[in-house]
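Chains as they are written, first to last, in the UniProt record's numbering: chain Z, 1 to 87; chain P, 1 to 87.
Please keep in mind that the hints were generated in silico from the structure rather than gathered at the bench.
A portion of the hints provided could be inaccurate.
[What the hints assert, rightly or not] Under the rule of at most 25 angstroms between Cα atoms (straight-line distance), these lysine-lysine pairs were calculated in the DSS-like manner:
no., chain 1, residue 1, chain 2, residue 2
1, P, Lys23, P, Lys80
2, P, Lys19, P, Lys39
3, Z, Lys12, P, Lys12
4, P, Lys23, P, Lys79
5, Z, Lys19, P, Lys44
6, Z, Lys16, P, Lys39
7, P, Lys16, Z, Lys79
8, P, Lys44, Z, Lys72
9, P, Lys79, Z, Lys12
10, Z, Lys23, P, Lys72
11, Z, Lys46, P, Lys39
12, Z, Lys46, P, Lys44
13, Z, Lys16, P, Lys46
14, Z, Lys80, P, Lys46
15, Z, Lys79, P, Lys46
16, Z, Lys72, P, Lys12
17, Z, Lys46, P, Lys72
18, P, Lys16, Z, Lys44
19, Z, Lys44, P, Lys12
20, Z, Lys44, P, Lys23
21, Z, Lys19, P, Lys46
22, Z, Lys12, P, Lys39
23, Z, Lys80, P, Lys12
24, P, Lys44, Z, Lys79
25, P, Lys80, P, Lys46
26, P, Lys44, Z, Lys12
27, Z, Lys44, P, Lys39
28, Z, Lys72, P, Lys23
29, Z, Lys46, Z, Lys80
30, Z, Lys80, P, Lys16
31, P, Lys80, Z, Lys80
32, Z, Lys19, P, Lys80
33, Z, Lys44, Z, Lys16
34, Z, Lys79, P, Lys19
35, Z, Lys12, Z, Lys23
36, Z, Lys46, P, Lys23
37, Z, Lys16, P, Lys79
[Stated by the list, open to error] Selected chain Z positions facing chain P (Cβ under 8 angstroms, derived; list incomplete):
no., residue
38, Arg22
39, Val28
40, Ile61
Since the model is a prediction, treat every value here as computed from it, not as a measurement.
Using N, Cα and C, we set each Cβ at its ideal position, and we do this for glycine too.
2 protein chains.
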Amino acid sequence: MFVILVYDFAQKRVGKALKISRKYLHWVQNSVLEGEISKANYTKLKLELEGLMDPDEDSVIFYTFRTLSYSKREELGVKKGGDENII
Amino acid sequence: MFVILVYDFAQKRVGKALKISRKYLHWVQNSVLEGEISKANYTKLKLELEGLMDPDEDSVIFYTFRTLSYSKREELGVKKGGDENII
C-alpha cells in the first residue's frame, strides 16, 4: 500500500522521528514522507513512532491508500527532504 | 475532489500561507490541510500560494484524489491545527 505520513514532533524528538520514518518511506518535505510500504512494515513504523512520541505534544497523521490510480501529486517551489538534506 | 496540502514556508510567510489555505481547506496539523475542493477553487488556491511563495525557499505539495474510497486515515497523538489553534 501507499502511505503519506505527516508529523509534527517537538524539537527534541523530531530528528529521531525522521530517522525512524526514513527507514520505511521517502522524505519529500520537512515533515512529510511517502512511499510504498508493506502492511507489516506499516505496523512497525506506527509502533516505533508511538514509542517515541509524547501524545500530548506530538502528532502523526497517516494517509494510506490501496491504490493511487485516482490520485495526482503537484509540487510547487523548492524540493525539500531527500537524501541530500539530512538534518 | 479531495486535497491534502502540505507546505513548508519560511517563517515570515507561513502565517499568510495558512490564512490563504484555510479559506479553502481544513487545518489538521501544523503545516497540513485537507478537504473537498472544487476544481475552480483548487486553481485559485494554487495561484494564491504561488503568488506568496519564494520558490527558492518555500515548498508546497498537493495530493489530489478523485475518490477516497480506497483510503484510510490514522492519527496518533495530539490533534493540531483546527479553529482553536490560529497562529
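Each hint, compared with the structure:
1. P:Lys23 - P:Lys80: Holds: lysine 23 of chain P and lysine 80 of chain P sit about 18 angstroms apart, inside 25 angstroms.
2. P:Lys19 - P:Lys39: holds (20 angstroms)
3. Z:Lys12 - P:Lys12: Answer holds: lysine 12 of chain Z to lysine 12 of chain P is near 23 angstroms, not above 25 angstroms.
4. P:Lys23 - P:Lys79: holds (20 angstroms)
5. Z:Lys19 - P:Lys44: violated (36 angstroms)
6. Z:Lys16 - P:Lys39: Judged against 25 angstroms, a Cα distance of about 38 angstroms means the pair is violated.
7. P:Lys16 - Z:Lys79: Holds, at roughly 20 angstroms.
8. P:Lys44 - Z:Lys72: This hinted pair holds, its Cα atoms lying about 17 angstroms apart.
9. P:Lys79 - Z:Lys12: Holds: lysine 79 of chain P and lysine 12 of chain Z sit about 19 angstroms apart, inside 25 angstroms.
10. Z:Lys23 - P:Lys72: holds (22 angstroms)
11. Z:Lys46 - P:Lys39: violated (34 angstroms)
12. Z:Lys46 - P:Lys44: Answer violated: lysine 46 of chain Z to lysine 44 of chain P is near 36 angstroms, above 25 angstroms.
13. Z:Lys16 - P:Lys46: Outside the cut-off at roughly 32 angstroms; violated.
14. Z:Lys80 - P:Lys46: holds (18 angstroms)
15. Z:Lys79 - P:Lys46: Holds, at about 17 angstroms.
16. Z:Lys72 - P:Lys12: Violated, at roughly 29 angstroms.
17. Z:Lys46 - P:Lys72: Measuring from Cα to Cα gives roughly 14 angstroms; hence the hint holds.
18. P:Lys16 - Z:Lys44: This hinted pair is violated, its Cα atoms lying about 37 angstroms apart.
19. Z:Lys44 - P:Lys12: violated (37 angstroms)
20. Z:Lys44 - P:Lys23: Violated. Lysine 44 of chain Z to lysine 23 of chain P sits at ~37 angstroms, over the 25 angstroms cutoff.
21. Z:Lys19 - P:Lys46: violated (31 angstroms)
22. Z:Lys12 - P:Lys39: violated (40 angstroms)
23. Z:Lys80 - P:Lys12: holds (18 angstroms)
24. P:Lys44 - Z:Lys79: Holds - the C-alpha atoms of lysine 79 of chain Z and lysine 44 of chain P are around 22 angstroms apart, at most 25 angstroms.
25. P:Lys80 - P:Lys46: Holds: lysine 80 of chain P and lysine 46 of chain P sit about 23 angstroms apart, inside 25 angstroms.
26. P:Lys44 - Z:Lys12: violated (37 angstroms)
27. Z:Lys44 - P:Lys39: Status violated; Cα separation ~37 angstroms.
28. Z:Lys72 - P:Lys23: Holds. Lysine 72 of chain Z to lysine 23 of chain P sits at ~22 angstroms (cutoff 25 angstroms).
29. Z:Lys46 - Z:Lys80: With Cα atoms ~23 angstroms apart, lysine 46 of chain Z and lysine 80 of chain Z stay inside 25 angstroms; holds.
30. Z:Lys80 - P:Lys16: Holds, at roughly 20 angstroms.
31. P:Lys80 - Z:Lys80: holds (22 angstroms)
32. Z:Lys19 - P:Lys80: Cα-Cα ~22 angstroms, so holds.
33. Z:Lys44 - Z:Lys16: holds (15 angstroms)
34. Z:Lys79 - P:Lys19: holds (22 angstroms)
35. Z:Lys12 - Z:Lys23: holds (19 angstroms)
36. Z:Lys46 - P:Lys23: This hinted pair is violated, its Cα atoms lying about 32 angstroms apart.
37. Z:Lys16 - P:Lys79: Satisfied, since the Cα-Cα distance of roughly 20 angstroms is no more than 25 angstroms.
38. Arg22: This hint is violated: arginine 22 of chain Z lies away from chain P, its Cβ roughly 17 angstroms from the closest one there, beyond 8 angstroms.
39. Val28: holds (7 angstroms)
40. Ile61: holds (5 angstroms)
Violated hints, listed in ascending order, are 5, 6, 11, 12, 13, 16, 18, 19, 20, 21, 22, 26, 27, 36 and 38; each of the other numbered hints is respected by the structure.
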